[in-house]
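A.B. asks: Quick note, the sequences are listed as chains A and B, same order. 233 is the number of the first residue of the first sequence in my numbering; add one for each residue after it. 4 is the number of the first residue of the second sequence in my numbering; add one for each residue after it.
These are computed hints drawn from the structure, not numbers from a lab. Each hint can be trusted.
In silico DSBU-like cross-links for lysine-lysine, where the CA-CA straight-line distance does not exceed 35 angstroms:
1. A:Lys469 to B:Lys462
2. B:Lys354 to A:Lys438
3. B:Lys65 to B:Lys110
4. B:Lys293 to B:Lys33
5. B:Lys57 to A:Lys469
One-letter residues, chain by chain:
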Amino acid sequence: MTANRWLRTAAFMLAISALTAMPANPQANPAAPPHSPHPKATPESVAAGKEVFAGTCAGCHGVDGSGSNGPNIRGVGAQMGPEGVYTRIRGGPIGSGMPAFTALDDATVWKIVDYVMTLGHEDAGVATGDPQKGKAIYESSKCAACHAIGAEGGDLGPDLTHIGVERSIVSLADTLNDPGHNLPLDTGLQERSAYTGYVVYRVVMKNGKAFEGMRVNEDSFTIQLRDAEGRLHSVQKFDVEKVEPEPGKSFMPSYKDKLTPAQINDLVAYLSSLGEA
Amino acid sequence: MRAAKYVVMVLALCGALPSFAQVPYERLLKSDSEPQNWLMYGGNYGSQRFSGLKEITPQNAKDLRVAWAYQMRGGGVMESSPLIVDGIMYVTEPPSNVTAIDARTGKPLWHYVPQIPRDFVPVGLFPTNRGVAILGDNLYLATIDDHLIALDAKNGLVRWNTQIADKADGYAITQAPLALNGKIVVGVGGGEAGAHGFLSCYDANDGKLLWRYYTVPRSASDPGADTWADGSWSNGGGTTWNTGSYDPELNLVYWGTGNPVPDWNGEGRMGDNLFTCSMIALDADTGKLKWYFQFSPHETHDWDSSEPPILFHATVNGKARKLLALANRNAFYYVLDRETGEFLTGVPFAKQTWAKGLDAKGRPIKMPAEQIEPSAEGTLVYPTLTGAINWTSPCYSPITGLFYVNARDGGAYYVKGERKFEKNNSNGVVGGGGGGMRPGPADETTTSIRALEATTGEKKWEYKMVGDSWTGTLVTAGGLVFSADAAGNFLALNAETGEPLWHLLLGSAVRSNPVSYAVDGKQYVVDSAGNTLFVFSLP
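Construct the complete structure from the given sequences, taking the supplied hints into account.
C.D. replies: Dropping the structure here:
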């Protein structure tokens, strides 16, 4: 790991310490059982946590947390905070296949937490743009029409509140230039480890009507889609003539020709700062 | 005459004579003659998961509805394949609990909860349980912490409790044992923790060990030791973590074996690594190896060969043969002669990119190493690490002659890691796998129910589903195949054509093998979703 990456990780840990002092998120897990306080994360604790993760967690969550037969958990640290991750490990989310790891001692669980907090963050890169200018570009480009930061903004695209710790610099720039080729992975349901809810489908009904929508959910018999205006559609597959994914397509426009490379760098710098302070 | 009847009745009630036991071996031997019951994990000794019941048919399957549901007492996901014996269902719950239920109404009758040490975390597997065995008046349970426990089927009281292995050596058990004539056969899991695989057989009456067969050499002079470079057999592996099959005429037990250790880094264990990723045929009385067939020599993707072997009879090349079919995690479907272990057929049943094919003896002709071996940056190979099939069971219908399998198509980036391996690794502090995987291209992994001609592996039909389903299959004499998609739609297909006939969304992933039974002449189909067991019937 480069010095830059360590600095970034350390900054991230500090940010997370600040987050845990905030009021409880109403969507957070139920309270964890009584446990020892979180010891300060160190390079050693992250390395030790990585080893435990390899033996205990990687079988389901993949060697780098990007999923296997369990979900992708890269970035969940930013959403849940260390206490949330601790509770998830100890409690095992009900209805999922994840067991409650009640037998690991507290010190070991905290090491896993320290490692999980770094997942999705190791290859972040360094932002070279100006975040203040980037914020102005975010506003003038009306990104908030589709994306939320905190309580502000739309919900057609992914929530960006923690995007700075969920996505790398490279990945953010890729998405701005070519959104359809860099769709975000879903981190929700266990059976969707490599499933994204932002794939655009074209549906042609047997009565000739056609529309496009992002997939919200899909099984073998039905598909639920959200169109570009945010309206939900639920269709049964036997009513449709054709239901086809459109690889490479996204409802988000490309900013490659709308912004200069320098402006994209500024916007990336702004986005990468989100979730860190 | 009346007095004699009375004496017989009293003796039966007291359970005084073994011949009056509820499920003597003879009932297991002829399990197909009582389709109202499901007497062992695989339905019969051939693990065919075929139900002889016919009330539910392609014509009336559209009327299926939930008859009752049972919600587990704890969390986790139910993976159990229940037994149904004379109107009573025996189902297991994570980690190793047993519940008896009135199979007609769903009312629980008793629970058994073993004391599992709180400091035990199995490595590389979920702490769950997939079912019990029954013989005489006892149920047999193998626990996650390596005990074989005999329970009184009437009340769940412990008859005896034998330790199979030491969890400190990485062993953990999730499988249902297999009951033979006076014997209980059970394997072990823990390949990622470096457990040294073996299959054991116990006296059903007292839990005394009768024999044990180690699947990986334990000394340089043991058979197969020369297939492990530098004494690397001492790493272990070759676990026996899924329930096998039995041929009473040949008196052979068939069991699949798991990966060599460490999984994804094979550099330190060059050679074929016998008898990992193999089918072993053992004499049921002595535990001696009759034959073996290794599916995946020197395996480096964690493609265990622990899938249930299905036994059936068919004519091949004009000769009536006793066959063994296995849909392997490595994506090939194999047919072997189960008397000799001779390889007869092997064809892919799911997408695979690791082998050009199989040679005349069934040995894989692998693609060049740089295309398939795990690497630091990750090598994209099909199937996924969880395999073209995993622990869930396929099924076989003697009526259609088809083998039905829920097949997974998808790839993964296989990563080679440090060969960090420690013995006595029971707390999961260090994984012994030497790598792992990252998922392949998003949205690509799908599962399909495929019907294969059992003797050739030729695909007759397939039913494509959305997502990555972990459900086994059941086929019935009524002409239906039951399984579920990844979202939790429990579904019925026409066994001849694959046409979908009925489905119901159960609200959670279905990670178990469906079974069927009847009470008072009414047919039921069972499967579980999340932590709830659902039972279906016609109105």
